[in-house]
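Chains as they are written, first to last, in the numbering used here: chain H, 238 to 318; chain Y, 238 to 318.
Just so you know, not all the hints are guaranteed correct.
Which copy? The list can't say, so a pair holds if one copy fits it or any two copies do.
[Stated by the list, open to error] In silico DMTMM-like links for lysine to aspartate or glutamate, alpha-carbon gap of 20 Å or less: (1) 263 x 310; (2) 264 x 297; (3) 264 x 288; (4) 263 x 297; (5) 247 x 295; (6) 277 x 311; (7) 277 x 310; (8) 247 x 272; (9) 277 x 317; (10) 277 x 252; (11) 263 x 311; (12) 268 x 284; (13) 264 x 318; (14) 239 x 252; (15) 264 x 311; (16) 268 x 310; (17) 264 x 295.
None of these hints come from the bench; they were simulated from the model.
Chain by chain, the residues:
There are 2 protein chains.
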Amino acid sequence: MKAHVYVMPKRTVLDPQGQTIHSALKKMQYKGICEVRQGKYFQIVLEPGLEVSAAREEVERIAREVLTNPVIEEFSYRLED
Amino acid sequence: MKAHVYVMPKRTVLDPQGQTIHSALKKMQYKGICEVRQGKYFQIVLEPGLEVSAAREEVERIAREVLTNPVIEEFSYRLED
Numbered sequence: 238m239k240a241h242v243y244v245m246p247k248r249t250v251l252d253p254q255g256q257t258i259h260s261a262l263k264k265m266q267y268k269g270i271c272e273v274r275q276g277k278y279f280q281i282v283l284e285p286g287l288e289v290s291a292a293r294e295e296v297e298r299i300a301r302e303v304l305t306n307p308v309i310e311e312f313s314y315r316l317e318d
Numbered sequence: 238m239k240a241h242v243y244v245m246p247k248r249t250v251l252d253p254q255g256q257t258i259h260s261a262l263k264k265m266q267y268k269g270i271c272e273v274r275q276g277k278y279f280q281i282v283l284e285p286g287l288e289v290s291a292a293r294e295e296v297e298r299i300a301r302e303v304l305t306n307p308v309i310e311e312f313s314y315r316l317e318d
């Protein structure tokens, strides 16, 4: 089983990386872009045979305790067989 | 319309960030993890009224030319209404 974890800066937090990319894209004449936000993406391969509920719990715990800074970031995740 | 772009190190390329997280998780007694890989995640908000085919083309171009280093990274993306 594989978990995909997405960590993004919170809406209320400035995202200087995203803003830099956005202004660079504008200068480079890319059209039709309103906003860019940059986050982190983790692929976690879980041991085979792990139950979905256990996997969900473990991935949530890792995302919350290790991968995300709760002051400025929030996470979401999905599991894939 | 919103585009989600995922940029990952290629399979053939070492991923020191992912390896570091993996070994940290092991030391911290998290169980059931076989592999961790870290990449980047971009949310791009596109102007309303853009056609899907045009959006697809633009997002692919931005991902290929700006967000990804083709020597060591590969990207995937999805569009969301």
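Results of checking the hints against the structure:
1. With identical chains, the CA atoms of residue 263 and residue 310 are never at most 20 Å apart, being 26 Å at best within one copy and 23 Å at best between copies.
2. For the identical chains of this complex, residue 264 and residue 297 are inter-copy neighbours only, at 18 Å across copies versus 39 Å inside a copy, given an alpha-carbon limit of 20 Å.
3. Proximity of residue 264 and residue 288 under a CA criterion of 20 Å is satisfied in neither setting, with 49 Å inside one chain copy and 22 Å between copies.
4. For the homomeric pair residue 263 and residue 297, the shortest alpha-carbon distance between copies (16 Å) is at most 20 Å, but the shortest distance inside one copy (37 Å) is not.
5. Taking identical chains as interchangeable, the C-alpha atoms of residue 247 and residue 295 are never at most 20 Å apart, the minima being 23 Å within one chain and 26 Å between chains.
6. For the homomeric pair residue 277 and residue 311, the shortest alpha-carbon distances inside one copy (11 Å) and between copies (15 Å) are both at most 20 Å.
7. For the homomeric pair residue 277 and residue 310, the shortest alpha-carbon distances inside one copy (10 Å) and between copies (14 Å) are both at most 20 Å.
8. Proximity of residue 247 and residue 272 under a CA criterion of 20 Å is satisfied intra-copy only: 14 Å inside one chain copy versus 27 Å between copies.
9. Taking the closest pair of Cα atoms, residue 277 and residue 317 come within 20 Å of each other both inside a single copy (18 Å) and across two copies (19 Å).
10. Within a single copy, residue 277 and residue 252 get their C-alpha atoms as close as 12 Å, and across copies as close as 14 Å, so both meet the 20 Å cut-off.
11. In this homomeric assembly, residue 263 and residue 311 never come within 20 Å of each other (Cα to Cα): the closest approach is 27 Å inside a single copy and 23 Å across copies.
12. Taking CA atoms no more than 20 Å apart as the test, residue 268 paired with residue 284 passes between copies only; the shortest distance there is 9 Å, against 44 Å inside one copy.
13. Taking the shortest Cα distances, residue 264 and residue 318 never come within 20 Å of each other, neither inside one copy (42 Å) nor across copies (26 Å).
14. Taking the shortest Cα distances, residue 239 and residue 252 sit within 20 Å of each other only across copies (17 Å), while inside one copy they are farther apart (28 Å).
15. Neither within a single protomer nor between protomers do residue 264 and residue 311 lie at most 20 Å apart by alpha-carbon distance, with minima of 30 Å and 24 Å respectively.
16. For the homomeric pair residue 268 and residue 310, neither the shortest alpha-carbon distance inside one copy (29 Å) nor that between copies (24 Å) is at most 20 Å.
17. With identical chains, the CA atoms of residue 264 and residue 295 are at most 20 Å apart between copies only, with a shortest distance of 15 Å across copies and 43 Å within one.
Against the hints set out earlier in the document, violations occur for numbers 1, 3, 5, 11, 13, 15 and 16.
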